[in-house]
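Peer 1: For the record, the sequence lines run as chains Y, S and W.
Just so we're aligned, residue -2 is where the first sequence starts under the working numbering, counting upward by one.
Just so we're aligned, residue 2 is where the second sequence starts under the working numbering, counting upward by one.
Just so we're aligned, residue 13 is where the third sequence starts under the working numbering, counting upward by one.
Because the hints were derived from the structure by calculation, they are not lab data.
Wrong hints could be hidden among the right ones.
No farther apart than 27 Å at their CA atoms in a straight line, the calculated lysine-lysine pairs in the BS3-like style are these [to be verified]:
1. Lys196/S with Lys165/Y
2. Lys10/S with Lys165/Y
3. Lys66/S with Lys91/Y
4. Lys165/Y with Lys14/S
5. Lys96/S with Lys18/W
6. Lys165/Y with Lys91/Y
7. Lys31/Y with Lys165/Y
8. Lys194/S with Lys14/S
9. Lys113/W with Lys96/S
10. Lys6/S with Lys126/S
11. Lys66/S with Lys14/S
12. Lys165/Y with Lys194/S
13. Lys96/S with Lys30/Y
14. Lys113/W with Lys18/W
15. Lys96/S with Lys14/S
16. Lys98/Y with Lys66/S
17. Lys66/S with Lys30/Y
18. Lys66/S with Lys177/W
19. Lys60/S with Lys196/S
20. Lys18/W with Lys60/S
Only a predicted model underlies this, so the values are computations on that prediction, with no experimental measurement involved.
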Amino acid sequence: MSNILMLAISAILINNFVLARFLGLCPYIGVSKKLDSALGMGMAVIFVMTMASTITWIIQNFLLIPFSIGYLQTIAFILTIASLVQFVEMVIQKMVPALYKSLGVFLPLITTNCAVLGVSIININEGLSFIEAILHGFFAGIGFTLVLVIMAGLRERLEWADLPESMKGLPIAFIVAGCMAMAFLGFSGFKF
Amino acid sequence: MGLLKEMTKGFVKENPVFIMALGLCPALAVSTSIANAIGMGLAATFVLFCSNLLISLIKDFIPGKVRIPCFIVVIASFVTIVDMVMNAYTPEIHKNLGIFIPLIVVNCVILGRAEAFASRNSVLKSVFDGVGMGIGFMLALVLVAFFRELLGAGQLLGFQIMPENFQPVLLAILAPGAFLTLGLLMGLLNLFKNKEAD
Amino acid sequence: MSYYLKLGGVLLLIAAIASGVLAFVNGFTRPIIDENRRRAEEEARQEVLPAAEEFTLVENDFSYYIGYDSGGEIAGYTFLASETGYSGIIQTMVGVDRELKIRNIKILEQTETPGLGANAARPEFTGQFRDRRPEELILDKEGGEIVTITGATITTRAITNSLQKAIRSLSEDLLSSSGRASNIITE
């Protein structure tokens, strides 16, 4: 049990995918302008990351390794993720069309979210078991969503801040991200 | 647009990192040293060159509905080739870039150029566009790496620049430093752009 | 129906060609990659146990190399120690003498934070492990003598843990195999 807790704390706080591993930055900057679309995107990403971790683990251990075609890992993984995202897109379009509208082009862009491919590869590199990989994907998604939602809250406030012209938009977003990263640095070395 | 313009537009005016905010993940992760930045930049440029070339060559054979997965397979193949070749011939850099080599496949710059340009333009133009974007990407990475390596390790390209008693700004090498450097550079760039517009 | 077949067919064709090209490139890069790794380990082995001239592999539950000096006597043993550090697996090549005292160590692979944990690879850090017994591998923070890298306690601890575990595995294997024939593989 404490193993799972440690895995969760590590994936969400200590080695946060966005602020410590630099994965998932494009949507982090692109979608974090409004709180509800940030939350919607986060949910979709959690689902995709968990499913991707599951399927890619199976592909690696039942297809790539037994047949010695490890070098096809990148292609196999990214095609899996692209199909998964396509599927999620169809489901959201049918079931929550309002969310589908507000996410717009960023939904298919989950395919290019480095966090999804990243967690799949990290699961393999760190030799995680099947259950560990699934959990890691899930918690990493939560970490991503957490940071995304915090960022959205901050940026909504920033709209009203008195900033020099040149800093408005992207520059101040990155400065804020830097401050958040500094705050999260405080989690490193955390153990119980 | 003249062919040369297709290439140089990627350097500043349509710089993928600073202007279009693409390819951010490697821009922050890999810019801890100029050597790594150059390594990643060259790898990405190679992939851009090859994928833009191939995609604009076969664009008429790819049905519209499956074009994104097809682009992805093409890009992923070149990325895998780069991964294998770097692992064999430049193992040091390969180790330093680590997971970010396979992540080139989700570098929005490459898929972005494939979709926005190579699938609609001639082979020659696409090649110049690809190389230009790649160089622009590399320039952005090197610029960020310049500050992070100088302040965070007192070195440039491994050469000690700062005097012996220089206390390195560890923050520059760590994650927050990456965000702050990029944000400040973007702000600076905006400043120059606005001044020009006046 | 045939429309979807055509869609799938094009994708499949491209994927098939891609796989073929990659198999080809893999064919000539894989041997080089394997050779690089083999040579790096060989050099590391020599570095951590300079007194040895010849190495023979022993592959039991725990794998290690016996190093023989120029006179044919056992100079010591070399083996790999692995542990997950702060951001990935740290792999260390260890050389010990016959009494299992550390001769030297070399960090082979790590992806720790540059400027912090990554400094573990520097001789200033690895040098302090020379002539240490397994019992002496305690961090200064915990009353021992191993100097912890500032801001990289996790990295330091991972390395010392991996050394302790590996040396323990080695001594267990040596004790148990002194009574039976082990799988010595001569090169």
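Peer 1: Each hint should be assessed against the structure and marked as holding or not.
Peer 2: Outcome of the hint check:
For the given pair, Lys196/S sits about 15 Å from Lys165/Y by alpha-carbon distance, which is consistent with the 27 Å threshold. Taking the CA atoms of Lys10/S and Lys165/Y, the gap is about 24 Å. The hint holds against a cut of 27 Å. Only pairs whose Cα atoms come within 27 Å are accepted, and Lys66/S paired with Lys91/Y is accepted, the gap being roughly 19 Å. For the proposed pair Lys165/Y and Lys14/S, the alpha carbon gap of about 19 Å is at most 27 Å, so the pair holds.
Between Lys96/S and Lys18/W the alpha-carbon distance is near 41 Å, which puts this suggested pair outside the 27 Å criterion. Distance hint between Lys165/Y and Lys91/Y is unfulfilled; the C-alpha atoms sit about 37 Å from each other, more than 27 Å. In summary, the hint linking Lys31/Y to Lys165/Y is supported, as the alpha carbons are separated by about 16 Å, within the 27 Å threshold. As the CA atoms of Lys194/S and Lys14/S are separated by approximately 9 Å, the hinted pair is consistent with the 27 Å bound.
For the hint linking Lys113/W to Lys96/S, the alpha-carbon distance of about 31 Å lies beyond 27 Å, and the restraint is violated. For the suggested pair Lys6/S and Lys126/S, the alpha carbons sit about 10 Å apart, so the restraint of at most 27 Å is met. Taken as a hint, the Lys66/S and Lys14/S pair is broken in the structure, with Cα atoms around 32 Å apart against an allowance of 27 Å. The hinted pair formed by Lys165/Y and Lys194/S meets the criterion: a straight-line CA distance of about 13 Å does not exceed 27 Å.
As the CA atoms of Lys96/S and Lys30/Y are separated by approximately 36 Å, the hinted pair breaks the 27 Å bound. A distance of roughly 67 Å separates the Cα atoms of Lys113/W and Lys18/W; the hinted pair therefore is violated under the 27 Å criterion. For a cut-off of 27 Å, the pair hint linking Lys96/S to Lys14/S is broken: about 33 Å separates their Cα positions. As the CA atoms of Lys98/Y and Lys66/S are separated by approximately 20 Å, the hinted pair is consistent with the 27 Å bound.
A distance of roughly 30 Å separates the Cα atoms of Lys66/S and Lys30/Y; the hinted pair therefore is violated under the 27 Å criterion. A hinted pair counts as satisfied when its Cα atoms are at most 27 Å apart, and Lys66/S with Lys177/W does not qualify at roughly 55 Å. A threshold of 27 Å between alpha carbons decides the hint, and for Lys60/S with Lys196/S the separation of about 41 Å lies outside it, so the pair is violated. With a C-alpha separation of about 15 Å, the suggested pair Lys18/W and Lys60/S falls inside the 27 Å cut-off, and the hint holds.
Hints 5, 6, 9, 11, 13, 14, 15, 17, 18 and 19, counting from the list given before, are not met by this structure.
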